[in-house]
Structures are given as C-alpha cells and as structure tokens.
Amino acid sequence: MSSDPHSHGHGHSHYHDAHEAIVSDDAPGYYEIMETAVRELLIAKGLITANDIRHQIEVLDSRTPALGAAVVARAWTDPAFKGRLLENGRAGCEEMGISFYDDTQLIVLENTESVHNLIVCTLCSCYPRPVLGLPPDWYKLKPYRARAVIEPRKVLAEFGTIIPDDVEVRVSDSTAVIRYLVLPRRPAGTEGCTEEQLAALVTRDAMIGVIPVTLNDGAAQ
Amino acid sequence: MDTSALSAIRPALFERPSFTVGDRVRVSKRAPIGHYRVPIYLRGIAGSIVRVIEPAFVDNEEEGYGRNAGNKRHYYRVAFAMPDLWPDYAGSPNDELQIEIIETWLEQI
Amino acid sequence: MSVEDFVSRLPNDIGGAAAGPVDRVEHELEPWEKRCHALADVLDFRKLINTEEKRKGVEALGESLIGKLPYYERWIVAFANIGFTKGFFTPTELAEKMAEVEARTADHPKPL
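Chains as they are written, first to last, in the working numbering: chain A, 437 to 657; chain B, 4 to 112; chain C, 57 to 168.
Since the hints were derived computationally from the structure, they do not count as laboratory data.
Misleading hints may appear alongside valid ones.
What the hints assert, rightly or not - With a Cα cut of at most 30 Å, we get these calculated BS3-like pairs of lysine-lysine: (1) A:Lys-578 <-> C:Lys-124; (2) C:Lys-103 <-> C:Lys-90; (3) A:Lys-481 <-> C:Lys-142; (4) C:Lys-110 <-> C:Lys-90; (5) A:Lys-578 <-> C:Lys-110; (6) C:Lys-110 <-> C:Lys-142; (7) C:Lys-103 <-> C:Lys-142; (8) C:Lys-124 <-> A:Lys-576; (9) B:Lys-32 <-> A:Lys-481.
All chains should be modelled from the sequences, with the hints used to inform the complete structure.
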C-alpha cells in the first residue's frame, strides 16, 4: 500500500471547493480502501455483518427532508398535532410513523412573528437525521459552525434572510442527545392549500432556519 | 391501603433534576483535559433554565470513554443572552442562544 | 492562546472562532461515504464504538488533521485508531487488508 494518501482517488477530497466538480477516479482512493478494509475486518471477525451495513444504508436512504416537510405541513394544518409536536418532537414524529433510529430526542422550534430560530452544531455536526436525512456540507464546515453562534444575523444575511431588529434571533447549538427541527412560519396566501401542497413548499434549509418558506421556490431540497 | 407508603418514597441520588425552569445558573468555568461537550464559549456565563429534559440521559462525556452504561444525569435547555456571550455582539440585544447542558456543568446562582 | 488551552480546548470546538463567509457547498455522498456513515451507525448499534467515542476519536486527530481531512476521511481514520485500541484488529491486519483491497480493486472502479 502506498503511504501517500494522494496517490489514489485524490479527486475525492476536493469537495471542500464549492465550484469544483466531484471527480470519480477509476481506482478507489486511500480512505475508501481503508473503509472497505475496516468493514471487511469487522465482518470477518464476526463483530458486524454485511447485512447490518446494507440495512443501515437503506435506513439512511429512506430519510430525506420530505419527512420533515410532512411534519411541518401537518403542524400547520392540525393545531392539536402542533401542540403535541412542540411538547415532544420525537413523539410527534413517531406519531406520523417516523422512527428515531439513533437514540436522540427532538425539540421542534416554532418560528413566530417575534422569534426566528436557527440551528447549528458548533462541536461537530449534530443534525435531526431521522427527519431530514444527512446534513449538507456547509452545515458541517467551519464558517457556518463558527459564526452562527456569534453573528447569526450576518450568517442569515448570507442566505438572503434579513430578520428585523424587533424579532429575536434564537440560535440553538446542538451538542448532546437533543436535536432540533425548525417549524417555519406558514406563508401567507396558502389558506386554500392541502397538506400535501404545503409540504411541497417546505425546504430543508427552512427547517434548519436559514431561510423562510415562500410560495415561489419550493422544495426540492 | 396505607397511602403513607407512597408519600414516604425517597428518590435516589441524581434521580430527580437539581434545577427547575426559571432557575438562574452559571456554566462551570473549569477547563478539563480529555473530552467535553460544553463549548468553551459558554464557560463562566450565566443563563436561565428554560426546559428540563426528561428522562435523564447517559453523560456524553463519560460515554466518550466507552462507558455505554455510564451515569445518567439530567440535561437542561439553558438560554443565554447573546450580549452576555459576546461583548461586541452586533445583533439585537434580545437575541438568544439556547443549548442543552448536562447537570454536572451547571452551578446555581 | 495560552499553554493550558493546548490541552483543554478541543480542536473541533470552534463556536465563535473567526471564519470566512458561508459557502453553500454540498455534494451527493459517494457510495463509500454513505457506507462509512452506515458503518458508524452500526458500530453504535452493536455497542462496539458509540457516537461519543467516535467524536472523541475525531478530536484526537488534532487541529491540523481535522482542518485538512474531509469529513468521512476523519471518521474512518478515527474508527481505525479506536479499532486498534479496542483490539478489533491490529495495525498489521489493517495494512494487509488494505493492500489486498487495493490489489483486488485496482482495475475496477468502486469496490464493495
């Protein structure tokens, strides 16, 4: 094995650069080989099974922001559900059939006329994975993690979100067993929408709290 | 039935939370070596308990050393005023930071 | 930074640190990255390496490596180091297995 980590797959580590495409080399890279080797050794020693990994990949693939969006749309249309969700976020999601595979609790943070919530993990990358899937890279990188707690309004402005001075910005830093999900404000003009139509408006970034939900640009993310 | 048995129940050490909503607390200023889950920017800062997290959970910092069945203690959601954390804070003075902190790091004011 | 901070401040504890603008970068996970994430979860479920041990293992890489290595690269190195400590495998076993995987996959894109 070469000791030079850059001799293989060296394009893999370049996704820190926003504008560089992700290149897949022909041969796997050093760390990809390490992943395969660690996994195969653990399987060979009977500590884990190949099926454990396959199954967990399916679990991860089944968790997307569409789940969080469904929770938000239900909360917007069912006040009793919203009450239960704000009381116990995990139980509210479980009520909709969204299981929590990772032993975390969930606090749902409601945006109102007077409070705007923003979530971050300054110590690592805690994120409500059971309801949103895996976090985007920017959430895991230093600028967001370092600055969201000290200058949240500037960070929000970089996402195009300007919060008036009379609205409190409330940053939640997740460090322990608790994860957060922002319940965005329901946009005006959606009175006639069905729950499904509402869910289609709710973006991942709105549930992190960096942008509002708007009527115009729904919802692929 | 003897109802005095119910009223005589004594909870064990650490079974009940030590703090309640509205309590003013200060994050311990200690700086241990090893592993921690309370960011340095909070050390020594005063805040208010806004929520007691039930039930108690395993202490993350002990878990870091492989003690999966380590001690359980209560976590609290604590609110801090941004200007208390950052003297030069540029946003609104009403802005807040909220975070969960395990009991071992909190001191009653 | 005082000398005490060298040992009492974790390298990944960066709340409030100076940093540049947020670049809204994201990428679709590569298959090995997703496998690495699944591996992390399975190690936790099987009570082999819990999430907090993984975080501590990443912190143990130190500030300079944390700054240079991308996300899942940090995880897999942490898992290897913790695996040695817990006796799951030895450095020699991992080196030999990596050589085997490399030889096996040299002509094929993407091992599985």
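inquiry  = Hinted pair, alpha-carbon criterion (30 Å max): A:Lys-578, C:Lys-124. Please report holds or violated.
reply    = holds, 12 Å
Restraint status (C-alpha distance of B:Lys-32 to A:Lys-481 at most 30 Å) = violated, 44 Å
query = Taking 30 Å as the top limit, are the C-alpha atoms of C:Lys-103 and C:Lys-142 close enough?
reply = holds, 12 Å
message = Does C:Lys-142 sit within 30 Å of A:Lys-481, going by the straight-line distance between their CA atoms?
response = holds, 13 Å
message = C:Lys-110 and C:Lys-142 were given as a pair; does the straight-line alpha-carbon distance stay at or below 30 Å?
response = holds, 13 Å
key: Straight-line alpha-carbon gap C:Lys-103 to C:Lys-90, limit 30 Å   = holds, 20 Å
key: 30 Å limit on alpha-carbon distance, applied to hinted pair C:Lys-110 and C:Lys-90   = holds, 16 Å
request  = Measure nothing beyond the straight line between the CA atoms of A:Lys-578 and C:Lys-110; if it is 30 Å or shorter, mark the hint as holding.
outcome  = Given that 30 Å is the threshold and the Cα spacing comes to 19 Å, the pair holds.
message = Can you confirm whether the C-alpha distance between C:Lys-124 and A:Lys-576 stays at or below 30 Å?
response = holds, 14 Å
Of the numbered hints given earlier, the model fails hint 9 alone.
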